[in-house]
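**Q** Same order as they appear, the protein sequences are chains A and B.
For what it's worth, the working numbering labels the leading residue of the first sequence as 1, then goes sequentially.
For what it's worth, the working numbering labels the leading residue of the second sequence as 503, then goes sequentially.
Everything labelled a hint here was simulated from the structure, so no lab data went into it.
Please note that the accuracy of each hint is not assured.
EDC-like mimics (lysine to aspartate or glutamate), calculated; alpha carbons at most 20 Å apart, straight line [unchecked claim]: (1) 536(B) - 614(B); (2) 315(A) - 53(A); (3) 106(A) - 53(A); (4) 561(B) - 510(B); (5) 181(A) - 195(A); (6) 64(A) - 614(B); (7) 532(B) - 151(A); (8) 54(A) - 101(A); (9) 26(A) - 151(A); (10) 181(A) - 614(B); (11) 532(B) - 542(B); (12) 609(B) - 195(A); (13) 345(A) - 192(A); (14) 345(A) - 195(A); (15) 532(B) - 614(B); (16) 181(A) - 531(B); (17) 609(B) - 53(A); (18) 181(A) - 192(A).
Please read these numbers as outputs of a predicted model, since none were measured by experiment.
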Amino acid sequence: MVNPILLIIIPLATAFFIPLLAIVWKNGSRYLALLAALANVLIGIKLLPYVLEKPIHVTIAGFKAPIGIDLLAGPLGIVFSLIISITGFLVLIYSIGYIRDESINKYYTLFLLLLTGSTGMVLTNDIFNLFVFFEILCISSYILVAYNRDEHGLEAAIKYLVLGSVGSLLFLIAIAIIYLKLGTLNMADISDKFDALGGSYRMMVVVLILSGLGVEAAIFPLNSWLPDAHSSAPSSISALLSGFVIEVALIVVMKLVYSVFHAMQVLNALAVVGVITLLVGEFAAFRQENIKRVLAYSSIGQVGLILLALSINSKAGISAAVLQIINHTASKSILFLVSGYFILKTGSYRYSDYSGIAKRMPVSSLLFVLAALSLIGVPPFLGFFSKLQIVMAAAARGSTFYVSLVSLVLLGTIVEGAYFLRIAQVLYFGRQQDTDSGWLETGNAAGIDMESVGNAPVSAVIPVLLLGIVVVFGFLFLTNLNGVTGSIAGEITRALSLASLF
Amino acid sequence: MSNLITIENIVYLASFGLILIGLFIVFSDKNLVKLVIGLDIAETGVNILLVSTGYIQGKTAPIFSRTGLKASQMVDPVPQALVLTAIVIGFGVTALALALVVRLYQKTGTLDVSEIRGLKW
Chain A
1 MVNPILLIII
11 PLATAFFIPL
21 LAIVWKNGSR
31 YLALLAALAN
41 VLIGIKLLPY
51 VLEKPIHVTI
61 AGFKAPIGID
71 LLAGPLGIVF
81 SLIISITGFL
91 VLIYSIGYIR
101 DESINKYYTL
111 FLLLLTGSTG
121 MVLTNDIFNL
131 FVFFEILCIS
141 SYILVAYNRD
151 EHGLEAAIKY
161 LVLGSVGSLL
171 FLIAIAIIYL
181 KLGTLNMADI
191 SDKFDALGGS
201 YRMMVVVLIL
211 SGLGVEAAIF
221 PLNSWLPDAH
231 SSAPSSISAL
241 LSGFVIEVAL
251 IVVMKLVYSV
261 FHAMQVLNAL
271 AVVGVITLLV
281 GEFAAFRQEN
291 IKRVLAYSSI
301 GQVGLILLAL
311 SINSKAGISA
321 AVLQIINHTA
331 SKSILFLVSG
341 YFILKTGSYR
351 YSDYSGIAKR
361 MPVSSLLFVL
371 AALSLIGVPP
381 FLGFFSKLQI
391 VMAAAARGST
401 FYVSLVSLVL
411 LGTIVEGAYF
421 LRIAQVLYFG
431 RQQDTDSGWL
441 ETGNAAGIDM
451 ESVGNAPVSA
461 VIPVLLLGIV
471 VVFGFLFLTN
481 LNGVTGSIAG
491 EITRALSLAS
501 LF
Chain B
503 MSNLITIENI
513 VYLASFGLIL
523 IGLFIVFSDK
533 NLVKLVIGLD
543 IAETGVNILL
553 VSTGYIQGKT
563 APIFSRTGLK
573 ASQMVDPVPQ
583 ALVLTAIVIG
593 FGVTALALAL
603 VVRLYQKTGT
613 LDVSEIRGLK
623 W
């Protein structure tokens, strides 16, 4: 059996080896980074059957828990490292053609650090170690947002950095309080001792951690940085940030709330916050003209939906949330990756300028629409089943509270359908309005020469096609997926304890 | 009254005072450099809080090479290791923030947040 710590070591070591390799082989970093991500995918696949039976507990440097730092690779850890490394691998293939400037070595170093940070966050069992991985994730994503070095990217990165740093300060205060009161940093040990703590301390820790990690998880009202950061970053990075970074932060904070702090009393409030996040995201997305801002706001909406599903406090709800995360990662990555080439080929961020682009880029446009349909929840795509499971899980609770929240979710879905289908209409049919309103029958206002728009390169189409297979044919493997998400739900709802580790 | 003035309470007052001052600067000041300074002040407050958790009155530094010193006579070394990590992370974030501010200043020619309005809500 492979040691799960390799999932963290391989990208971390490769990240710092890349600048050295660049001295002798300038473009070698592209392939080295691909190899590292591929190695992580293979290790994840190899470990998955083992952890579904029993979580693997790794003691580091010979100090037994709760003294030393340890990793706990349960179903949640391994499934999320797989999501991270598969998305990372596909986006790295896309980057071969997409990232074409001088400083590619910096890009690949930071890219692999982003993978390291998020993989570490889902695997670690030590709360200070979680903070360190969280900072690795945050710092590398701040820099990647500003990677294009344009004014918008820099402004978005500063906004993101200030909010993110305030969030990590709050997280650090929570860690200080935990260590002061309990004298331990091991999550399993905290879980054992946490209920003995006074009520006000418990609430303070939970609220500080929720608001600290909530900045990264884009929970309303801590998400004002997200549309700027996700829309100003290079499209390949937006795919990562929307694809798994916010979901990883969200699932980790909910794992803490359920299995470490046992704070079931905040779940109802979180469900309401989730629905508000969803409605804010969807209605704001409806008003946007910049295609990447539409997608970024739609990510906020999806995060709200996932947060609601995670707050239902039943295994069915959490299992549906994980399925929705898988669907969102695949679909939103497709949308961002495809829109990256729309922007590159037409030179415009406004989706109204893409009229009739489907004739020029047929495969990309088709996958864009399929991914959008899956996000809306049209059968038979994966998104339909995840949304259905969320609605069923909420209805199964049988209370008016959850049923009314879910009806608001369905309202959000209608708005979501409206703006995604509007984009699909522009892609395929162009503008149908008459010329009096200032809109042209064919062509577009920006004067983009559609004849010159060619197909996206193969390196961009392959990853998008592979993600498209997950979205379109995912329902064939629904029973397998439900088995995996079910065991993740079991892990989250079970209280961690030190005794169960050994 | 006198039992309120303990070393712990002074430390808590100092650290939360610094955190609040820092956060106030972050949320109220319009100058980007001052904003980074505010983040740094708040970070110092958190670091004081973190390192104070390991302090035990009357105990000494945990150095094992000194002969005749028992484990029961030492303070807790874990928070010192934690705060060292936190300081390094804070240093990195500050350096990055200042680098971004310099770049933004070169592009826009201003440090005032309210004048930089490339992105809107």
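**Q** Which of the numbered hints are not met once you compare them with the structure shown?
**A** 3, 6, 8, 9, 10, 12, 13, 14, 16, 17
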